[in-house]
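Take the given structure of chain A and dock chains B, C, D and E to it, following the hints.
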Amino acid sequence: MLGVSYILGQRHKERASHEPYEGGILSTGSARIRFSSQFYLVAMLFVIFDVETIFLFSWAIAFKELGWYGYAGMVVFLILLVVVLIYEWRAGALDFGPDGQKILKAYKKLTAKQK
Amino acid sequence: MDDATISHLLITFGVLAGLLLVAPGLIWLERRLLALWQDRYGPNRAGPFGLLVVLADTLKLFFKEDWIPPFADKKVFVLAPAIVVITVLLSFVVIPFAPGIIVADMNIGLLFFLAMSSMGAYSIILGGWSSNNKYALLGSMRGAAQLISYEVFMGLSLMGVVLMTGSFSLIDIVEAQRYQWFIVPQFLGFVIFLIAGIAETHRLPFDIPEAESELIAGFHSEYSGMKFGLFFVGEYIGIMLISSMVTVLFLGGWYGPSFLPPLAWFIIKMFGFIFFFILLRASLPRPRYDQLMEFGWKILLPLSLLNLVVTGGIILWMNTH
Amino acid sequence: MNRSDLYSLTPLLILSSAAILNFFSISIKRNHKVIFAITVLSLIGDFIFLTSYSLYHQQHIDPLLVVDGFGIFNIGLILLTTLVVALMSYAYFEQREERKEEYYILLILAALGACIMVISKHFVSFFLGLEVLSVSLYSLIAYLRTRERSDEAGIKYLILAAFSSAFLLFGMSLIYATTGKMDFGGIGYYLTTTQDIPLIMMAGLGMLIVGAGFKLGVVPFHMWTPDVYEGAPTPVTAFIATVSKGGMIALLVRFFNAINGYQYESFTNLFTVLSIASMFVGNILALRQTNLKRILAYSSISHIGYLLVAFLSGGSMGAQATTFYLVAYFITTLGAFGIIATLSDQHRDAELIDDYRGLLWRRPLTAVAFSAMLLSLAGIPLTAGFIAKFYVITAGIGTQHWLLVFCLVVNSVIGLYYYIKIIAVMFDQKLQIKSAKELHPLVYVISSVTIAVLAVFLFWLGVSPEGMLSLIDDVI
Amino acid sequence: MILMILILVLLFGGIAAGFSGRMNTMLPRWISVGAIAINLFISLWMAAQPNTNSSPWLLQLKLNWIPSFGISFHLALDGISLLMIILTFFLGIIAVAISWNEIHFRVGFFHFNLLWVLAGITGVFLTMDLFLFYFFWEVMLIPMYFLIGIWGHENRQYAAYKFFIFTQASGLLMLMSIIALYFVHGQATDQYTFNYFDLLGTSMNKQTAQWIMLGFLAAFVVKLPVIPFHTWLPDAHTEAPTAGSLILAGLLLKTGAYGLIRFILPLFPEQSAAIAPVAMALGVTGIVYGAVQAYGQTDLKRLIAYSSVSHMGFVMLGVFALTEIALQGVVMQMITHGISTGALFIIAGLLYERIRTRDVTQMGGFWKSIPVASVITLIFAMASLGLPGLGNFVAEFLTLIGSWSANKTMTLIATIGIVFATAYSLRIMQKVFLGKSRLEHHQSLADLTARERLILLPLVIVIILLGVHPQPAIDLAKDGLQKTLNREFQAPKEPKIINPNYQTLTVPATEKGVHHE
Amino acid sequence: MNAAIADQALMLAGILFVLGLISVLIRRNIIFMLISVEIMLNAAGLAFIAAGARWGQPDGQVMFVFILTMAAAEVSVGLALILQIYHQLKTLDSDAADKMHG
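Protein chains in written order, with numbering that gives the first Met the number 0: chain A, 0 to 114; chain B, 0 to 320; chain C, 0 to 475; chain D, 0 to 516; chain E, 0 to 101.
This is chain A alone, in the form it adopts within the complex (with noise of 0.2 Å):
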């Protein structure tokens, strides 16, 4: 399908072809930005708790077989991972974007020694 849009498709030239699309605002600086790293928290997440879900699928496919000598020990790895979870929740990990109420808290701290 791409081949044939290839050879399909018009050409033309025009002078903002060059540039980003960028709603018809000219560009400014470079595309390689730095963004939040949250970003990379949320890999490294994923990482982690994917990589527990494999254990919990060879868990869940020999299921019946191990009874509830597996169930035990999957009930303690699930509970280290809700420990892991309620940590990161607590270290702020799971606070995407900015907590409103913490900015309210650091506004009024800052109104409060104006006055």
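Incorrect hints may appear among the rest.
Claimed, not checked - Derived DMTMM-like pairs (lysine to aspartate or glutamate); straight-line CA-CA distance at most 25 Å: (1) K99/C with D61/C; (2) K89/E with E147/C; (3) K180/C with D58/E; (4) K297/B with E101/C; (5) K63/A with D171/B.
The hints are simulated quantities; they were obtained by calculation from the structure and are not laboratory data.
Same frame as chain A, but now just chains B, C, D and E:
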């Protein structure tokens, strides 16, 4: 070539052709439905009920300039849209439409599906990154983050089904629902999977990576022509995929009252969900990105874990009593 | 797994629970003191629990683990070492890091990994233990985020450790491919029933040794050692120098005894070369260093070389000598790094030799303790290091490894030179006034007491090693 | 138990001195003097006891230490050891006294080191367990290193390094030999032990014995020192503070000689005989070379240091002559050299205190200003060149007589060496005390104070006493030396063991089973 | 799977391992080094699966899961460190990260 091979080939191409034909059709369907629900006109010029608009769109896409931005990373730029379509199409390989109508009956079908849907993240990342455009990059970062996050819950929410079936094979799963659809015992799992599925296909309301109003068109801002078309088609095949998966996993697949053939039941259920997807688009606003992510990590993940634990416990308890 | 299995694994369970408890504690409220208390108490409690085992305790938890005297002894050693590291960390991190709580979790996890390693008798448990240890170490090394060298050391260690893990794993898989076994006993059995070892098996064992060599930091796989020692926070350096390397050595001893690796000349030759190279390279490179942590790093390379002499002696004598050397080396290294940690100020570690100029006159007791540690490293009588070196030489001579022993002696002399150089700097009379902004003196009490206890142990082992010797004799 | 006390007094005295140094600078001095005096008193008292034993062993103490290796805390005392420890404590007191005014920096730590060196030396002279021997051998190094390195002269660091590394390297070779011997014996008899007496009769093949002996020899010849292993000595002696030089020359070198007599000869009789010619040749070379070098020196302490090298040549010569008389001479030499050279170092130190230089070329004509010091120096210079009537004469004379029967050529050359000794001894006198005064402030040069006289006087008395009446010393050492040579060295018979972990005994009188000459 | 296929898989693993090894040694970009190491690890994992298949045991696959886990953990920490280094040095050239000498 013996009969088995021929029938296998037939199924393969049948499924492929079906998908490629239906997907563009969905575009028309969506627009018509949106128009219906939002009380406006949909496509209505080309052909009866505007049906030919699909053809027109396709032709237009083919004749558009095959534009590769000079500032882009060319190889990757071309590769990215191809990945979408390929992965989504590959996922269909394991879907049992009806007894005997399946391209490849893998015993790890479910895992294969999960693996393929993870691959989708690559196309977004690569597409956004290779475009060398700030919006595209941001969109792709968001998209990737969203995709991989929901990937986790998606897998976890399915574990309940796996527990009840004891197999990763989708056929086994369907057959396990002969008497009771899993949507009943696994309702929580169903809900989570559905939400995750919507997020995976980055459909509205979870179309954060594209988010026209914020990011113009997100990761595919720089795409046009057929390459854009591929993203577009990929998205619609994705909707079908998720709908079929829900059908297979929770709604008993091809099972239904015997006055209709199994394939028909399957297609009915699938389209039911496709309608549902479109309805969502018509009715829900888009959440903020951070809300979306927090919702996933803070609510869906614990819920899916809880679902897993409770399901396991109940099954074991029932086995021993 | 039954109740007695669980009983045997309780020390590990306590460690894991401590880590989780710490997680919870951090989730509730960050408090350095609380975390520190939990960590220290659980380590102490764990050790006390450990003493309830009989020395002849033997519990096979098939197929992965075996909790026997040797394992228990090593776990005890690891626990105590970790305890000491934790104790000296308090003052160190109190003045440096904002987020210092996770450190203790990582520390406990690293100790847990090492504990698994020393009781493993299967590749899977070996690998798991090693990786739990390594992955914790990556973060520990880079813990002081604001320091440039910290990250550098962390990434260096990470890449090289992962690199060596790959070697280790590939070696394991080759062995598994030939033998179909991953437990040490099974591999040993295969070797006894096979006349000619297949080449692929040899390659596997060779890669295993390469991987282990990286972790141990023997020449020629030593490149990471000085940088990591320098870049890591001092307590972590102490931990790497002791637990990380000691665990590997203990594991090697177990593995080689299980497969009776000493009968293969190619391996003993290989280890001989590694040992001699480590001794010489470590000592000679240490000569021209001016950074104390680097000196200790190079010296640790050579000490691993000495240890390999004992290791190569094989048999129970070799194992005992190795173990005793480890004990002595642990005490000494901990003491040395502990002193570096206490002398460090907020901004940098006291790692340059010049920081120690005239220390004897500024802080006589610290300087004396430090001298004792250095002399112990050099193997001078009255210190544990002497008995250890004596034991190693005895083991070497007892098995006729003349070349090794001779190299050891030569290297002891070379080593002496730079140890003495540090001591000489300490009693240099040119006083250097150091204007360090110090914390509340109470903070230092813990570290100081720890160091004092270590010094006492050092002399006690040096003067009356019989207790330790018979203990080691019993467990092996 | 007494033997243990001797060591413990020094060790604890050292610690006490070290700590008391923080309170008061005088306290450590007094503590040290007290501790050493107690020991000196005990050892003199032991010497005064009539030896009614048939065995040379006067006392012994055996405690279990590290039974896993067959290591025991085994001390024993015979005539030779007794002589050596008396010398140790005697010079020890002198060393403390001489530092009374010289050392002001960290007095406590200084005395701590001093006492620990002495403790190590005492241990070396007493121990009958090879491991323990090595232990003490090393223990004395560290404090000595500190003595040189902290309180020495300008070039002290270098000298301290050199001293330490030389002795440590050779010591490790000895350790290898000790362990090898341990295994050879253990494999032969299945009894793994470091006990000296058990190891004495170890049978081994010649090759092995040769190598093992070389290990021991390495440690002793470096310590002694024998050419060409002497290069640490001039540096160490020169740079050490006076007390350090005194202990180095007076005691530390003697541990080497003692090791030769105690270990090399009895453990490896055949091998010692085999290498005797080489060893004697080295000894003689040392005598001549040391003397020649001494003559050429301008640094007073260095000059004395080289004279030590020369004197220690006699020890080497005498030991490997393998005759009883020569060994008697060696023992005498050890004592008299300790005293005479020690005294010379003291004088060098006193001069240095006064004129802040050790350069002979800057001295001269001191006789007038400091007559007492000059007379005393004269006495010791004469002692050094072997003037009859002084102790050194007896020593050298016995050595030469003893070695004459063994090797005439060597003896002859050694005798010539004495002539060189005369040359450098007289040169000291001539350059320093006679001739023209070269320094302006010589006028104000103070003669010996009462304290200094008090220090030097005993030395003078002892050296003269040994010269005119050496018999008590010879008698003390005689028995042990005879047995050493005749290979009849045997362990003191142990009484019934009361408590295996703790047994102390004095050897009961007249054992019937022991051979007697 | 029979032994011949297992051997081939082992061979493939060996090739992958060597490729990874070479790449670690010649690459200068830290991220690429990390990726190369991952390749080596995965090669080892593949070798385990091949070996397990050869003996008809699940142990090889178990080991692979562990390797995967460990590799994941390693990458997480590695990425965090790389981020930190990039913040400080503004480059990922491994030659730049050599503040320590000796």
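Legend entry - Structure versus earlier hints - violations, ascending order: Those not satisfied come down to hint 1.
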